[in-house]
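Asks: Next come the chains, spelled out residue by residue.
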Amino acid sequence: MKNIPDWQPAASLENLKLRARVLAEIRAFFSVRDVMEVETPLLSSAGSTDPYLDSFTSHYQGPLFPAGQTVYLQTSPEFAMKRLLAAGSGAIYQICKAFRNGESGGQHNPEFTMLEWYRPGFDHHILMDEVEALIAAILKTAPARRITYRDLFLEYVGLDPFGLSAEVARAYLQARDIHPPELAGTAIDDWLSLIMTHVIEPALGAEPVFVYDFPASQAMLARVVQAKPAVAQRFELYINGMELANGFYELADAGEQRRRFEADLQQRQQLGLTAVGMSQALIAALESGLPDCAGVALGVDRLLMLAANSESITEVLAFPLDRG
Amino acid sequence: MATYSTNEFKSGLKIMIESDPCTIVENEFVKPGKGQAFSRVKIRNLKTGRVVERTFKSGESVEAADVMDTDMQYLYNDGEFWYFMVPDTFEQYPATKEAVGEAAQWIKGEETCVVTLWNDVPLAVAPPNFVVLAVTDTDPGLRGDTSGGGGKPATLETGAVVRVPLFINIGEELKIDTRTGDYVSRSKD
Chain A
1 MKNIPDWQPA ASLENLKLRA RVLAEIRAFF SVRDVMEVET PLLSSAGSTD
51 PYLDSFTSHY QGPLFPAGQT VYLQTSPEFA MKRLLAAGSG AIYQICKAFR
101 NGESGGQHNP EFTMLEWYRP GFDHHILMDE VEALIAAILK TAPARRITYR
151 DLFLEYVGLD PFGLSAEVAR AYLQARDIHP PELAGTAIDD WLSLIMTHVI
201 EPALGAEPVF VYDFPASQAM LARVVQAKPA VAQRFELYIN GMELANGFYE
251 LADAGEQRRR FEADLQQRQQ LGLTAVGMSQ ALIAALESGL PDCAGVALGV
301 DRLLMLAANS ESITEVLAFP LDRG
Chain B
1001 MATYSTNEFK SGLKIMIESD PCTIVENEFV KPGKGQAFSR VKIRNLKTGR
1051 VVERTFKSGE SVEAADVMDT DMQYLYNDGE FWYFMVPDTF EQYPATKEAV
1101 GEAAQWIKGE ETCVVTLWND VPLAVAPPNF VVLAVTDTDP GLRGDTSGGG
1151 GKPATLETGA VVRVPLFINI GEELKIDTRT GDYVSRSKD
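Heads up: the sequence lines are chains A and B, in that order.
Residue numbers are given in the numbering used here: position 265 of the first sequence equals residue 265, and the series is strictly consecutive.
So the numbering used here is basically just the index in the second sequence, starting at one, shifted up by 1000.
Accuracy of the hints is not assured; some may be wrong.
Heads up, simulated DSSO-like pairs for lysine-lysine below, C-alpha to C-alpha not over 30 Å straight-line [to be verified]: (1) B:K1108 with B:K1097; (2) B:K1034 with A:K140; (3) B:K1034 with B:K1108; (4) B:K1014 with B:K1057; (5) B:K1042 with B:K1097; (6) B:K1108 with B:K1047; (7) A:K97 with B:K1010; (8) B:K1047 with B:K1014; (9) B:K1057 with A:K97; (10) A:K140 with A:K97; (11) A:K228 with B:K1034; (12) B:K1097 with B:K1175; (13) A:K97 with B:K1034.
Pulled a few chain A residues facing chain B out of the computed Cβ check, cut under 8 Å [what the hints assert, rightly or not]: (14) E14; (15) Y52; (16) N101; (17) E103; (18) G106; (19) H108; (20) P110; (21) E111; (22) I178; (23) P180; (24) D189; (25) S193; (26) T274.
Everything labelled a hint here was simulated from the structure, so no lab data went into it.
Where a beta carbon is used, it is the ideal one built from N, C-alpha and C, also for glycine.
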């Protein structure tokens, strides 16, 4: 940053105008498609159980909870939006703030703007079409490439990510002069992530690339197809080697959702992290019936970085954390 | 043992990597879509000058390198060590040939240098950006040619050889830029 006084915005006025314009374009895009805009709470008494997401925690005390209640700032609006879907909302979208503690860097600010939407009746492939239409409208991007996670690794790395051993992954990274940390006892997924961020992402070009059919171990809240090997019906969109969006053919099985929450909580315990209350309301909503749907979260600040050709997320934020 | 967490990483921070003191050149926070966060850093080995890349798990701790830059006056060399002194305390530090490196050809005594100490031992020496040195050998000066065009080699009192204008004579004092090894001007003194 070029010595802008601290009280002033980090983003140029031009980029602030760009943000206003892009937000209007997003709303127009969904308006003509009859997708309803919704708002759900940023504060909730249930948090994200994901061991690698660190929620900001706060405390409410007053009417309703005279003895006090721990509340979390959301890491994404996913649970609340799925409750709306289960209640019969139909197609919905939301532009909101999401919060993730500990995340600050060239592409991260602990508070960021997320666009999330859900499409009943879509699977992840149809949703990729819609994501592509949205980014083409805003960024004027070339047609997107679609490639499975496995083919991506075979093409850029020459290794099959399914059944890859930690030893092979480590040797591969070391041979490329990328000295990986000790990941003793770490799942293969961390090695795959390292290869993704250190080798594949920098090699991906300016054209949009959808990566889909992730290993089942990286399913998050996506459905898993019990094929050989099992794959998660999840996709990510990369532009300029930057992850812009993450989507799922949404898991609707309440029992499976509960098992994944419990596995997360167990892993949190193993990692010595604080326990987080799982969303019983989401489980109840899934039990009552989530319509068949696909959903996606897209980082609006990163979208603006691409639109403005910015090197750092701070160039599109009025007041990033260090100016807060 | 002092340590730094990855959250404290920034360029210029001195850390130990494989028993060598290093300085962070570049630090990048990497968080894949889902999963563990990492700090990806480029670091310069202060002993070898080599720049390498390392990746740390976010929150991991790394040993701090006890490295300090100190202004010291160069005193003399005894053929084995170059001696430097902290002006305030008169404390003296012998530096090896490896530590002095390129600086040796620019210093003759009394210059203020930046000495990088690692565990209180000189690791590197940076000479002043500009030094004034006398010419001990060069072809005879061409009287009347003050154009500065062309040029010829001249040996300085420290043994360094620099390219100088044709009009320079033996015994003259020259101002030299040590960062480039270029002649700047005749000394004004």
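Asks: All hints, please: hold or fail.
Replies: Evaluation of the provided hints:
| no. | hint | verdict |
| --- | --- | --- |
| 1 | B:K1108 with B:K1097 | holds, 15 Å |
| 2 | B:K1034 with A:K140 | holds, 28 Å |
| 3 | B:K1034 with B:K1108 | violated, 59 Å |
| 4 | B:K1014 with B:K1057 | holds, 18 Å |
| 5 | B:K1042 with B:K1097 | holds, 27 Å |
| 6 | B:K1108 with B:K1047 | holds, 24 Å |
| 7 | A:K97 with B:K1010 | holds, 28 Å |
| 8 | B:K1047 with B:K1014 | holds, 12 Å |
| 9 | B:K1057 with A:K97 | holds, 27 Å |
| 10 | A:K140 with A:K97 | holds, 25 Å |
| 11 | A:K228 with B:K1034 | holds, 23 Å |
| 12 | B:K1097 with B:K1175 | holds, 24 Å |
| 13 | A:K97 with B:K1034 | holds, 18 Å |
| 14 | E14 | violated, 26 Å |
| 15 | Y52 | holds, 5 Å |
| 16 | N101 | violated, 11 Å |
| 17 | E103 | holds, 6 Å |
| 18 | G106 | holds, 6 Å |
| 19 | H108 | holds, 6 Å |
| 20 | P110 | violated, 11 Å |
| 21 | E111 | violated, 15 Å |
| 22 | I178 | holds, 6 Å |
| 23 | P180 | holds, 6 Å |
| 24 | D189 | holds, 6 Å |
| 25 | S193 | holds, 4 Å |
| 26 | T274 | violated, 14 Å |
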